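Engineer: If you read the protein sequences in the order shown, they are chains L and D.
Just so you know, we're using our numbering here: the first sequence kicks off at 1 and counts up by one.
Just so you know, we're using our numbering here: the second sequence kicks off at 1001 and counts up by one.
Calculated from the structure, these hints are not laboratory results.
Here the structure is a predicted model, which is why all the values come from computation and not from measurement.
Heads up, the beta-carbon is just placed ideally off N, CA and C, and yes, glycines get one too.
Be careful, since some hints might not be right.
[Unchecked claim] Partner residues are not named here, just some residues of chain L that face chain D (Cβ under 7 angstroms, in silico):
#	residue
1	L19
2	V25
3	Y31
4	Q35
5	T56
6	N59
7	Q60
8	F63
9	L83
10	R85
11	Y103
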Amino acid sequence: MREVIAFIIMGIGVTFDFLGCLGLVRLPDLYNRLQASTKCVTLGTILIMVGVIVFTGWNQIGFKALLTLLFILITSPTASHALARGAYKAGVKLWDKSVCDQYGGEK
Amino acid sequence: MKRFTLFIVLFFVWILLVYSKPLDKVAFRQNLWIGLLVSLFVGVYLGDLLPERVGKFYNPRRILAFLGYLPVFFWYCLLANLDVAYRVLHPRLPIRPGIVKVKTSIKSESGRVALANSITLTPGTLSVDLVGDTLYVHWIYVRSENIEEATEYIVKRFEKFLKIIFD
């Protein structure tokens, strides 16, 4: 029973990861791609880790999965912020059909 | 207080890393001593690198606010994923992207960082830069270019929790 629940959670996680990758291919510019990949890959990987915890219980593997989960939750949005800001400073343009850019007007 | 907090956190993470289920007592005792010495060293010498007073987080009101914030955060995180799934799977890509400016009233630096990270993981928004009390947010479907309305829509749902936790 526990295995079945774990596999269902991991399956949902892998589905979100897949949607993130699909977004990476389909969306038009760097910032939109970053949106899709950050959100989906963060939650997807967290769900896979939760599945691992449910599968193994609280032993050495479970605790390491818990730590991985926490580090991903903290570092992933920070990394995407750094990428977006770095790309903007390096001159990567927004998509042609973007409606506004209030960041660039300031400088 | 900073040093003590850093020591406790490091030592706790170390215990989680070296724990094993059929517990090997000798190896675990050795690991515990090494961990104690190293986290004591790091805690004492590098503790004052933490950005601000951490003593205030031992306040029960802040801890309760944090526990109340977690389900809200995970709910929006799930909504964000369903939102991305909808936009990516829709054949005509319903997006209307742009970078908007929003204001926050949180005073504490780490509170602002937590807000920026929360904004990144919630539906349709990605924080690009944080200058003083102004956040620049990339919005995948811009509903309003007005600063007040955008603030109302993006920032308000987390601000009330984060204000109690960090300010």
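Engineer: All the hints need checking, so say for each whether the structure fits it.
Structural biologist: Taking the hints in turn, this is what the structure says about them:
1. L19: holds (5 angstroms)
2. V25: violated (9 angstroms)
3. Y31: Result: holds, 5 angstroms to nearest chain D Cβ.
4. Q35: Holds, because the Cβ-Cβ distance from Q35 of chain L to chain D comes to roughly 5 angstroms (cut-off 7 angstroms).
5. T56: violated (9 angstroms)
6. N59: holds (4 angstroms)
7. Q60: It holds, given that the least Cβ distance between Q60 of chain L and chain D is near 4 angstroms, below 7 angstroms.
8. F63: holds (5 angstroms)
9. L83: Not OK, violated: L83 of chain L not within 7 angstroms of chain D, min 10 angstroms.
10. R85: holds (5 angstroms)
11. Y103: This hint holds: Y103 of chain L lies near chain D, its Cβ roughly 4 angstroms from the closest one there, short of 7 angstroms.
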